[in-house]
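Peer 1: Those protein sequences? They're chains A and B, same order as listed.
All letters in the first sequence, in the order written, are residues 1 to 609 by my numbering.
All letters in the second sequence, in the order written, are residues 1001 to 1258 by my numbering.
It is worth saying that the hints were derived from the structure and are not from the lab.
It is possible that some hints are incorrect.
Cut-off 27 Å, straight-line C-alpha distance, at most; resulting in silico cross-link-like pairs (DSS-like, lysine-lysine) [said to hold, decoys possible]: (1) A/K488 <-> B/K1166; (2) B/K1113 <-> A/K301; (3) B/K1091 <-> B/K1030; (4) B/K1107 <-> A/K301; (5) B/K1166 <-> A/K554; (6) A/K343 <-> A/K414; (7) B/K1166 <-> A/K484; (8) B/K1107 <-> A/K343.
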Amino acid sequence: MRYIENFVKTMYLKRVFLFTLFFIFVSVAVAQTTFSAQAPRVVEVGETFRLVFTTNGEPSSFDPPSITGLDVLAGPTSSTMSSIQDINGKRTESFQVSYTYILQAHSEGKFTVPAASVVVDGKSYSSSAVTIEVVKTNSGKVQDPNEQESATVTNNDIFMKISISKGSVVVGEYFTATIKLYTKVPVAGFEDVRFPSFNGFWSQEIGSAQNIDFVRENVDGKIYNSALLKKYILLPQQSGTLTIDAAELVCQVQIRAGKSASRSIFDDFFDSYQTVRKRVSSRPVTVKVDPLPLGAPASFKGAVGSFTMKGRLLTDSINANEALSLIIDINGTGNINLIEAPKPEFPASFECYDTKITDNTNKESGGVSGNKQFEYPLIARAPGDYSIAPVLFTYYDITKKQYITLSTKEFVVKVGNATGINASSNNGLSLGVTRQAVRSITDDIRYIQTGRLSLKRGNVFFFASATYFVVLALIIFFFVLLEKFLSKRVQRNRDIAGVRNRRANKVAKARLKTAGQLLKEGLYSSFYEELHRAILGYTSDKLNLSLSDMSRDKIEESLILRNVKEDNIHQLLSLIEQCEYARYAPDPGGDNMDKNYSKALDLISSMEL
Amino acid sequence: MYNIVNKFTIFFITGFLLFALPLRAIGQEKEKWNDANSLYAQGNYSEALQQYLLLEEAGYVSWPLYFNIANGYFKVQNYGHSILYYERALKLNPSGKDIRVNLSYAKQFTVDKIDRIPEFILTTWIRDLNYMFTSDYWAIISIVLFIIVALLLLNFRYGPNAHIRKISFFLSMVSLLFAIIFTLFAWNQKNAFNRENSAIVMNAVSTVRNSPDNSGSTLFILHEGAKLEIIEQLGEWKRIELTDGRQGWIAAADIEII
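The shape of chain B in the complex, shown without the other chains (with noise of 0.2 Å):
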């Protein structure tokens, strides 16, 4: 009997010992990010970079985390990694308002002036009204639509008579086509960030060459800051395409993906 009793307790222990110990580092956390809003609030900003440093470090993401991150790294002008992390913080919430404000703002600090080749405007329309929404909510729209086209399709078969089947069957269908879009936003989306194939550059200047090794004839100079779309590697080098279509060899250690 004693012995059963001891063999709950331990169990018992252990089960609490296992929910209570991520709850308790969560509460750390918790307590980390405040002491480093406060550090931020205070105008201590490299000490609250810090703590927010120490927080990523700890594997943890989020985009008000990175925005923070950001702002530390723009208060001591360091306006590089700010960027950076602006973009990251945007890649996890692309419809964040003040992610944007921010990041141009923060880009007026660079130095390089990239073009961008003129867009198409349904592109930019359709990628504006993409990135309106987070990919999950896209994804949760869409299944609310599969949702309706499946109640709708049940009433086209067996509804009480023609004119609302009619009806049903023609929504039905515009349903699909939405709930067919949606998904492939949220797709889109995903894709988008599983890719990783835009990065910063971190180095004041770093040379762009022709060639991936440094003998490589000089193409262009880019400085801290400028985004730039990585189309292959080889070994330590990347090769990079601008906004405005130019497109070079840069050393890897010169850039850092988003």
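Isolated chain A, as found in the complex (with noise of 0.2 Å):
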């Protein structure tokens, strides 16, 4: 203190000296005063332990905790630390004032040590209480040197542990994995330190310590030295039960060497230690996630927690091509780090661009606290009143267990017609009516159908069914029966065909006779329709055309088919013209008909069809 004074003092002299150098210490800024007790969390009996508090102001009194059910050996004693730095020209001046006690425990059980207070320039502060824990002894053999004899680390003497803030949760649902370190033995590094890779959860690492500090803690009545070596945050993606795999690491241990044969009052003085690798794993853990419920309405997205939601138009009054935005706040705690932007619906004739998103998560708490906001730019194209329909935001309330849907009023816009200066501008928007193409507003599946409903209990294929058999062997059956009835049919035909081309000469040889006895009576047109008959009824007996079929062309047709010679077929021709003409021209003289006559009975016998 003295000292402190005497420092300043002198300080002050030299400024009033030597004023610009050292006109820096004018500005070195008073810290803030703080008061606080350190204590071990944990001793066991009989151990002697301190407590002490730290002061960083100058006290003027010290109100001492009145200490209940521990043995107060010595304290409290009081010192003073001052120290000035100067690194690199920049100066750091800190001051420091502890009290210490030095206590006993005498039995087991915890113990408050009430607060303390001091009076630092006329203000009191008082330090938070303190409690210890008391287990028993010979317990945790902390500094038992007998017990370290031999040169192997138990895990008894060292692990790691994963524990988690909950073991089951939901998907979505954040909770926080710490992994500490339990030792008894001196550890003087680690090297090869793997931790887990969170596989089904997103992670995120909070708090991380610069360097690691050993705290006193009670495991199952024993006292280990603990250090926290990563703390996270935890999101699980997916459900099921998901695994968190072990973390390891390779411990360097301090042991002492063993008991050397004279145990000289050197030996105990300077203990010879010896550095022993360690690898130190932890256990798996494994936490049961749960999916959300079923049943979650078409505005969640995932959001798992609990928040609040507002929503609010920076301005409610424009004019048409000018932007406006909405902003939605959404604040609480949970996976807001990962919720996404609601979708509010906006009408039609106003032009959304990127949401831009405002991330005022708490860091510290890994992002599961805090604020985002979302701002939706926007820019009305057409005048007129508009409603915003509310934006709805649903999350799951791990507490209530159900989807909460959180909803904004209704946003009501004014679009008053585009300025002047807008209006007459044409950089970039277009002043007459624009043609474009139809937008999907959303994509969505199809409608369900409602309709018909053919149902049926199995699925039934026609083809290679009995029925489809039957009908191919229906077919098969009538083309049979239709084949052979038609075959049949023609059969006949062909018959009645032959059976007059068969008869043909006997026929037309019988009304050849007629004829000639017709021409012996000299009846002139009797003899000429008896022998156009017999031609007539012997062609076409033979060509097997009925008699209403005969033409001309129709029997030099079917002639020329059954290859009858050319010479033939003009005679008959002919002979047919002359009767035809005979018949209704009676002709004037008779002495053709003998030679008609002949020429029939020639071509008759001839013609062989």
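Got two chains here, each in a separate frame; can you build the complex from them with the hints?
Peer 2: Encoded structure:
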């Protein structure tokens, strides 16, 4: 104290003379006064330990705490420490006053040392109460040298543990995982550190300590020095039983070398230590992750926790082609860093640009609490009064175990006519009616089938079914039946033709005979009639043509088809012509009658049809 | 006399019950179907889905039912099942346009993007042609063609003149060719339906290994909704092939056959 006072005094004097040189001292910021208490958290019966109250101000009085249940061996003893550091011209000054008690516990249990208080610069500061847990002697042989004679370190001496804040969660519900190292032996350092990969989780490390501090802790009645290695916020991304892999590291453990034969005072004084590498790994931890219940509303996008939502429009009355913004604020705790922007439905004449997301989540908490702001920049393209439907945001409330949908109020926007400058400007915005393709506002699956429901049990194919084969068999059956019928009919027809063919000569000869008789009698027209009939009948029978079908062309065609000599065809046709002519026009001379008669006889005998 | 009347009554009542009960059952299903549809319309998708699934459990099969189940699953964001049921609906109605649209939309929500080995364009055309109609349609068309073939053949044999006979022979041969092709289409569809060699991955993450046991090294990882072909089965494992030609073994429990 005195030293400090003197120091400051000399400084002051120097400042008087060398004002500019020591100007920097004036600007040393006065730190905020703190007052704190420090003590080990766990001690064993009979162990002596220190309880230290520290302040960085200069106290004018100290009000000691009343310590009960613990024996005060010495104290309070006060000590003052002050230091000045100059690093690269930057000077820092620190000052500390501490009051130290030496205490001893004589019985097991938890003891609380109440707050002490100091008065610094007329203001009173009090420390926090300190709770000290006292455990049985001999349980934790933290410093027992006999125990460490052997050069081995057991898993009881040093181990690692992953502890999770919740063992059963739902998808998206956050919890913390802490990786701690517990040791009874001094640890000099770590190497080959491997932390779990957290498969199936979204993980975020929080409050990573720069250096590892060991704190005493009671584990099943034994005292360990524990160190917090890592702390994570975990968000399960899938349901099921998820496993957090083991953490692993290799500790460089310092153990005392074996007891020397002659235990001199120097051996005790200069302990010889030896560093042993010890692989330490934690046990894997399983977390039961339940899926979120079914029946989530459409606006649910995976938010889990408890949130509040506020929405506002920056302005509610603008002119066409001007911009406005809709701002949605979501506050709360949960997987806020993973929540997606709600999707407001804007009137079709509003153009919406990319949502601006401002993340104000609390980094200390690993992003599980805080605020997220979504800003939707809009440009109104047409004047009118519009309302923007309330924006919905659904989250799953863990405590209430149900989906909760938050809703903003309905926003009303008045869009006036485009102002002169905007309306007359032709940069970018076209003034006339612009034709545009029909835009798909949202894409969704097509609606369910509501009409016909042809419910069947099992799927039956017509192909290769009994009916199918029956139908095929029926087709074949009818085909065969028709074929039989038709072929029979053709057979019969062919027979008729054959009979006519065979009888043709006979009939023709009989007719010619009659014609010959008529010729003798000199009956001119009857002769020609009979001759005509004989020739036509013969041709029709032979060619299988009906008499009504007989025409000059038809006969010629049929005869050519049957390869009759052209000469004969001509003779036959001219004979028929002559007969027809003679029948209806009386012939002046009868001399042709004989000739025609013999010609007909010749033709019928020579034309082998 | 009284006895006879009594017997008749019993006979009549039994007959009535035999006919009426299935009718009544169908009526109930219709009601359930309409209830489920109105639940869906109200946006109560999970309830609607439960109703549809009850209908399916009762043993009913129809593509609108599968389609609606798939829509229900889609709405509750169970995309794997949604795709499974769209595929099932498509199997019953290969030419369903709505099903194809929704299936391709649902596929956008799956993780895996598996390339197809480029196919010979003719194969694609023939398959598209094949699936333009259902197997039943093809069978009926082929039967009609068989009838035409029979008539044309008769005409060929007993036609009035050579010209008509020539034409009818030619036409009958063409019809016969088409009838055979369509019969093959019908057969092919029925075969494809009964083969049950396509499946959908149901697990969120499934590993495909190079041997049918858990110790096999992991070849690749498939996610929910991926479609694959089953090649063979060995115990609880199935050998599968992706459309890009890669093969491996997957646990049978991870997949569901379409």
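Peer 1: Decide, hint by hint, whether the structure agrees.
Peer 2: Hint by hint, here is what the structure shows:
1. A/K488 <-> B/K1166: holds (22 Å)
2. B/K1113 <-> A/K301: OK: B/K1113 and A/K301 at ~23 Å, within 27 Å.
3. B/K1091 <-> B/K1030: holds (23 Å)
4. B/K1107 <-> A/K301: Holds, at about 19 Å.
5. B/K1166 <-> A/K554: The hint holds at about 23 Å.
6. A/K343 <-> A/K414: OK: A/K343 and A/K414 at ~21 Å, within 27 Å.
7. B/K1166 <-> A/K484: holds (21 Å)
8. B/K1107 <-> A/K343: holds (22 Å)
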